[in-house]
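So in the numbering used here the end of the sequence shown lands on 399, straight run, no missing numbers.
Simulated from the structure, these hints should not be mistaken for lab results.
Yeah, the Cβ is synthetic: ideal placement off N, Cα and C, and Gly gets one too.
A few of these clues could be false.
[Unchecked claim] The calculated SDA-like cross-link candidates involving lysine to any residue, where the alpha carbons are at most 25 Å apart (straight line), are:
id : residue 1 : residue 2
1  : 186       : 289
2  : 46        : 115
3  : 316       : 141
4  : 186       : 97
[What the hints assert, rightly or not] Pair ranges (Cβ atoms, derived):
id : residue 1 : residue 2 : range
5  : 378       : 244       : 56 to 62 Å
6  : 140       : 323       : 27 to 33 Å
7  : 92        : 331       : 56 to 62 Å
8  : 86        : 25        : 45 to 51 Å
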Amino acid sequence: MAATNRPNSVDPALRRFGCFDLEIDIGIPDVVGRLEILCIHTKNMKLGDDVDLVQIANETHGYVGADLASLCSKAALQQIREKMDVMDLQKDTIDAEVLNSLAFTQENFRFALNQSNPSALHEIVVEEPRTTWEDIGGLENVKPELQEYVQYYVGHPKKFLKFDTTSSHGVLFYGPSGCGKTLLAKDMANECQANFISVKGPQLLTMWFAKSRGGSAGDGSGVTDRVINQILTEMDGMDAKKFFFIIGATNRPDIIDSAILRPGRLDQLIYIPLPEDKSRMAILKTSLRKSSVPKDVDMNYLTNVTEGFSNADLTKICQRACILATRESIEKKQQRIRPTTMDSDEPAPELEIRRDHFEEAMKFARRSVSDKDISKYEMFAQTLEQSRVFGTQFRFPGQ
Numbered sequence: 001m002a003a004t005n006r007p008n009s010v011d012p013a014l015r016r017f018g019c020f021d022l023e024i025d026i027g028i029p030d031v032v033g034r035l036e037i038l039c040i041h042t043k044n045m046k047l048g049d050d051v052d053l054v055q056i057a058n059e060t061h062g063y064v065g066a067d068l069a070s071l072c073s074k075a076a077l078q079q080i081r082e083k084m085d086v087m088d089l090q091k092d093t094i095d096a097e098v099l100n101s102l103a104f105t106q107e108n109f110r111f112a113l114n115q116s117n118p119s120a121l122h123e124i125v126v127e128e129p130r131t132t133w134e135d136i137g138g139l140e141n142v143k144p145e146l147q148e149y150v151q152y153y154v155g156h157p158k159k160f161l162k163f164d165t166t167s168s169h170g171v172l173f174y175g176p177s178g179c180g181k182t183l184l185a186k187d188m189a190n191e192c193q194a195n196f197i198s199v200k201g202p203q204l205l206t207m208w209f210a211k212s213r214g215g216s217a218g219d220g221s222g223v224t225d226r227v228i229n230q231i232l233t234e235m236d237g238m239d240a241k242k243f244f245f246i247i248g249a250t251n252r253p254d255i256i257d258s259a260i261l262r263p264g265r266l267d268q269l270i271y272i273p274l275p276e277d278k279s280r281m282a283i284l285k286t287s288l289r290k291s292s293v294p295k296d297v298d299m300n301y302l303t304n305v306t307e308g309f310s311n312a313d314l315t316k317i318c319q320r321a322c323i324l325a326t327r328e329s330i331e332k333k334q335q336r337i338r339p340t341t342m343d344s345d346e347p348a349p350e351l352e353i354r355r356d357h358f359e360e361a362m363k364f365a366r367r368s369v370s371d372k373d374i375s376k377y378e379m380f381a382q383t384l385e386q387s388r389v390f391g392t393q394f395r396f397p398g399q
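Take the sequences, apply the hints, and build the full model.
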């Protein structure tokens, strides 16, 4: 009996009939399997009443048995660290009272989850998004469409298997820069409780691509085509893999290869426009939800004068106003602790973002997307919508 995690590296002579001819693939456990493994590793652990192993099993996508064992060990070590102040390390034994107080909590497992990654993804940068719908202002028309394309597929795959079909495996966000396309992708991963692997365009241009381009006498089109073809091959190869979803984001949809947009790949295109009035108000409130803003700050007026501003532009205004308020607070604090004012009973001023802070921040505000760029995106979206006119007129006979 032999075991390996690299079967393709085994000599074919060993895999012929008469040798290791029976091969059993032990795959990554599903939710039920992860729950059973967690129950085994925690059966001798004293768990608190707040520990929810079902929730932990749902949040550990891609974890194998060793990963879950490591997770439990890290949670145990964290609980011990919290009790170090009541332990006497000079003794050979630990008091029974201290041992009885070592009850592992959900917070211990939450800490361990933040310190762990699936073994299969150790060589890949895996992000754990913490953004939610509340962190994204506006885009109310886009969110239901995203739930249909992404969240339904990742969160309810059995519904599609019932009809012997699958949902789309990819979606493309397009629109002006700074409108929240990347943030939306991270939010969807968090809502679906899925691992999020972010790959930027330059990361695909590896050192081998650079060498090939350098040796091609200035003609890099052939190398570029091979890179695109390889990407398409990898995307097609994911059809047989479950629970994979590709989200693309671009501000240049007009130059994307049409082969990437065919059915089965990034076949769903979603336009992320500049925020309208309600969305701008939501973005401003979201950016300032943890800040103290007096009632005399007219947010409606600020919303009206920032027409044409992107999500990033509005966030930058709020950040600059916050910096100005913080700077003023620090300067006042330094004045209060000087020797001449050491005995002053004046209370510390409350840190809040006033009207003058916003007025000063607006002096540096600018639109990052021009009217020309907006019209270009709207024309592309309109052209895409017109290509769907045929389907809107379809009716079965007799209706």
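Hints, verified against the model:
1. 186 <-> 289: With Cα atoms ~20 Å apart, residue 186 and residue 289 stay inside 25 Å; holds.
2. 46 <-> 115: Holds, because 21 Å separates the two Cα atoms, which is no more than 25 Å.
3. 316 <-> 141: holds (24 Å)
4. 186 <-> 97: violated (45 Å)
5. 378 <-> 244: 56 to 62 Å: violated (32 Å)
6. 140 <-> 323: 27 to 33 Å: Given about 30 Å between the Cβ atoms, the range holds.
7. 92 <-> 331: 56 to 62 Å: holds (57 Å)
8. 86 <-> 25: 45 to 51 Å: holds (48 Å)
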